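Letter by letter, the chains look like this.
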Amino acid sequence: MKLPTFQFKKSTVAEATNKPEVLLARSSKLWLLTMLVAVCLPQIREIPLWLTIVVGALLAWGFASTLKVRKPLARWVRWSVVPLMSVGVLVSASGLESLAGLATLLIAGAGLKVLELRTRRDGWVLVLVSLFMVAVNFLFDQSIVAALYGFFSLAITFAALISLNEVQAKQVNFGTLKRSATILAQSVPVMVVLFLVFPRIEPLWSVKSERAVAKTGLSNEVDPGSVANLTRNDSVAFRASFTDDAPPERSQRYWRAITYDFYDGRSWLNVGKNVGLEASAIDTDTYYDYEIIMEPTARPWLVALDYPQSVRAARGTLTLKNDFTVTAGKPILDRFSYSGRSVVREATQELSLQDRERFLRLPPYGNPQARALAASWVEQQLSLTEKIDALYRRFNQSFEYTLSPGRLGRNSVDQFLFETQRGFCEHFASSTAYLLRLAGHPTRLVGGYQGGEWNPYEKYMLVRQYEAHAWVEVWDENTGWRRLDPTTAVAPERIQLPFDELFGSSDDFIAESPLSVLRLGKNIEWLNEVRLRYEAVNYSWHRWILGYHNQQVDFLHDLMGSLSTLKLLLVIFVPGSLVTGGLIWWLLRARPRRYHAVDADVQYLSRLVSRADSSLAREQGETVRTYCWRLAKHQPYWEESLMQWLNNLEQLRYSPARGQPEGDASYHASFKNMIKTVKKPTRLLGKPARASA
Amino acid sequence: MQDRLATAVQAVSSVVMGKEETVKLAVACMLSRGHLLIEDLPGMGKTTLAHTLAHVFDLEYRRVQFTSDLLPADIIGSAVFNQQEGGFQFHPGPVFTQLLLADEINRSTPKTQSALLEAMEEGQVSAEGATRQLPEPFFVIATQNPASQYGTFPLPESQLDRFLMRLSLGYPDEETERALLKHGDTRQDIGRLAVSIDRQTLMNIQLACDQVTVSDAVVDYVQRLAQQTRAIETIQLGLSPRGALALIQASKAWAYMEGRDFVTPDDVQVVFEPVVAHRLMLRSGTQLGQSITTNILASVDVLS
Chain Z
1 MKLPTFQFKK STVAEATNKP EVLLARSSKL WLLTMLVAVC LPQIREIPLW LTIVVGALLA
61 WGFASTLKVR KPLARWVRWS VVPLMSVGVL VSASGLESLA GLATLLIAGA GLKVLELRTR
121 RDGWVLVLVS LFMVAVNFLF DQSIVAALYG FFSLAITFAA LISLNEVQAK QVNFGTLKRS
181 ATILAQSVPV MVVLFLVFPR IEPLWSVKSE RAVAKTGLSN EVDPGSVANL TRNDSVAFRA
241 SFTDDAPPER SQRYWRAITY DFYDGRSWLN VGKNVGLEAS AIDTDTYYDY EIIMEPTARP
301 WLVALDYPQS VRAARGTLTL KNDFTVTAGK PILDRFSYSG RSVVREATQE LSLQDRERFL
361 RLPPYGNPQA RALAASWVEQ QLSLTEKIDA LYRRFNQSFE YTLSPGRLGR NSVDQFLFET
421 QRGFCEHFAS STAYLLRLAG HPTRLVGGYQ GGEWNPYEKY MLVRQYEAHA WVEVWDENTG
481 WRRLDPTTAV APERIQLPFD ELFGSSDDFI AESPLSVLRL GKNIEWLNEV RLRYEAVNYS
541 WHRWILGYHN QQVDFLHDLM GSLSTLKLLL VIFVPGSLVT GGLIWWLLRA RPRRYHAVDA
601 DVQYLSRLVS RADSSLAREQ GETVRTYCWR LAKHQPYWEE SLMQWLNNLE QLRYSPARGQ
661 PEGDASYHAS FKNMIKTVKK PTRLLGKPAR ASA
Chain W
1 MQDRLATAVQ AVSSVVMGKE ETVKLAVACM LSRGHLLIED LPGMGKTTLA HTLAHVFDLE
61 YRRVQFTSDL LPADIIGSAV FNQQEGGFQF HPGPVFTQLL LADEINRSTP KTQSALLEAM
121 EEGQVSAEGA TRQLPEPFFV IATQNPASQY GTFPLPESQL DRFLMRLSLG YPDEETERAL
181 LKHGDTRQDI GRLAVSIDRQ TLMNIQLACD QVTVSDAVVD YVQRLAQQTR AIETIQLGLS
241 PRGALALIQA SKAWAYMEGR DFVTPDDVQV VFEPVVAHRL MLRSGTQLGQ SITTNILASV
301 DVLS
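Residue numbers (the UniProt record's numbering), protein chains in the order written: chain Z, 1 to 693; chain W, 1 to 304.
Keep in mind the hints are simulated off the structure, nothing from the lab.
Bear in mind the structure is a predicted one, so any value in this text is a computation, not a measurement.
Beta carbons: idealized from backbone N, C-alpha and C, even for Gly.
A few of these clues could be false.
Computed footprint of chain W on chain Z, listed as stretches where at least three residues anywhere in the stretch have a Cβ under 8 Å from a Cβ of chain W [claimed, not checked]:
hint, region
1, 22 to 36
2, 440 to 447
3, 594 to 603
Throw the hints in and build the complete structure from the sequences for me.
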């Protein structure tokens, strides 16, 4: 056997191993840009306006240059955008709360990446960022619409990922989107399983968004106008469902949240310490069992139907205070569900009042007219009921219940009672409480909600921020704290009609969302029904999907007793990751290719010799002949048998004249001989190179 | 027969010194009836190679220097009025030869280029209303100067496809260059070379090359290589089926020269770069470098 004359080409084959950089196809670029638009869109509300404009412009330019309408951005523009953007993000992100800052950073980064969208690697980076942004979107919004949009943007992201791996596609086609939708659909079972079993245990699970709580809600201070302000807002305060699907009468739907015991001359404040209420037996049958899903408020208090007897929550301990308010002990930063039991009545039926002074304290000066009025009541020796009647008559005669009461000056009670005579619930409640305190009756203001819309489809009650209400409780020696709602004196329809029916035509009503269905739908029957149906679906969504972790915690608790992190790790995470890891390994394992019998022999030889020296393994692009010569050069002792085998092999494999490999005796003989020769020095000397030396 | 081929290669190499591989590939190109494009700087021995090949294979040889004012008629020939006979008579141009050296083909206008390329493809020439057969065998060796592109008309991809191989000679190594300098101009040696293979034998060998068998394993390998050229994203135009066919054709000739009657993947790898490189276009517009063809070879498994 002679050496082949030409080997110049063969040597270079094995050398070239570094892969060329893969550039992005036009269709991939278009998909990636579309993907960015899709994932950035929902976050426009969170990020500063300048960033929206800049990123929008970058994306638009990216589209234009990909479609060859415009040239790519000039180098100096690109170099100047980067530092400007960085400075902008640093400045504005410091002013934003953490999540919005994160969104700003992500979007700015993604926008800058558009500038250097060139290779496939850039594309992968963007896809990863995009997937992260889809997840971040859910921190801001968890509604059904957001979930559907999440699916949509995932589909686009997957399409971009597919287009990155598609070689032939030169044009954008919707087959890609179809394929990504299929993949998404196939992954739904995995999502469902993970949703059901993945443990959501605080603090790992919850990300606190301060945005949700920055919204309006009751505060621990009530001044004239603060409750009226809430009517500008139609966001949900809480949802309640009742065990028998039977809600109390509309006029009895007083949802208590907080009491105010201190008056500083203008505002009512929640100052005094209230201690836990001693549990008392319920002496009546007319109680309601209900479950409430409270929207985050960033305040510790929760709402309860007047008057609550007991409350319970799956997470955390609730305390029922002796002013009949409920507190969770820490601010409610995400949706919180709990259940309660209340007896609907007009008074607390308490026997003794502790700390009586607290509920009589007033500033020593101001409001002379009110003081004179109270003094005249005391002079006439009116009873409590008579005083209330007198006041209610006054209210009924010339007062106006309005959403826009106008500003009040220094002596706000006097001004309201004797001048403007226009007010919202807090004006009436505040002046009533003031007068009654002047007249020597312990009084407190109660903040909460009055009303609620019953959804007949899903059987729950929805209470919105605009149903916020303030009323008064006065201490009656016979009945304990007794509820007085002075608003009923001037506008009895407030507690009889739905609030939106009452004020639907007022300009200030839900002024923050002028196009709300609530406003438009009042006069259109079907629109209203659609709204109720949508809210019903939304309620189920909140209860069963978003609120699932409460049930999961219960379930896990039942299963394993008290939850500790270690236990969770051992019982769920470790086996879970083992199973997932095993599954991934099984799916991605390198399946041995089925080789032709002769080629399999070459593989065998390669494996055999590479055991001793890994550099002897056959390169992918190396032909059998080149490989044999390399081995022969490495170990001249092998040459003869190798060449004999090679000859047989080439005849058998590449010359169609010869028969099947199975029946070819000379080939097999040469193969066995070769293997024997190759094995010999390997076994005896360990290193074949030393044998040749 | 292989011995005589080896002698012929030896003979050519004695004139074109130190370029045995390239000479062998050029011979393989001739054996597979393909046309040859030599891309190199001036003074590298392009013309000498063509001339020597013509002499050793006993072929009639003409040379046309392509310039921008060269017309198709200057290659194909034209009818001239004959006063004695009182009619037009066709004067065949230089294309009617067995080996035509088209020097600096990219200097002429596309019109002239395409006239030649048409002759290359069809093996015949249509002029003055008549179709005239070109002699058998008919080879074109075209040269191209890659360095000076000023005032040139680069051949489009579709026409590059007509050339079976693209080779370049390159600078000689030190030893060869020293020998070359000592020896002086080798061109006068051409005439003294013995004719190794006559015209008829060449045509017989061409027929024998066709008979070289290509097993399914090799066909699969070529197909995988072609697939790979289409899969790489930096390549705008992958290898066409015609290109893949050319690869097999050249591999057959190489296998024959190696003394085998069957093709092995080694043959394919040897001819891969000269046959494939000029048929692929990179996305950026530049032609394929050697590194990418070796990359393709390295990334496609020979075994299956």
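Hint by hint, here is what the structure shows:
Here the region 22 to 36 of chain Z counts 3 residues with a CB under 8 Å from a CB of chain W, which clears the bar of 3, and the coverage holds. Evaluation of the coverage hint for the region 440 to 447 of chain Z: breached, as 0 residues show C-beta separations to chain W shorter than 8 Å, against a requirement of three. Closer than 8 Å: that is the beta-carbon criterion, and the region 594 to 603 of chain Z has 5 residues meeting it against chain W, so the requirement of 3 holds.
The structure does not agree with numbered hint 2 stated previously, though it agrees with all others.
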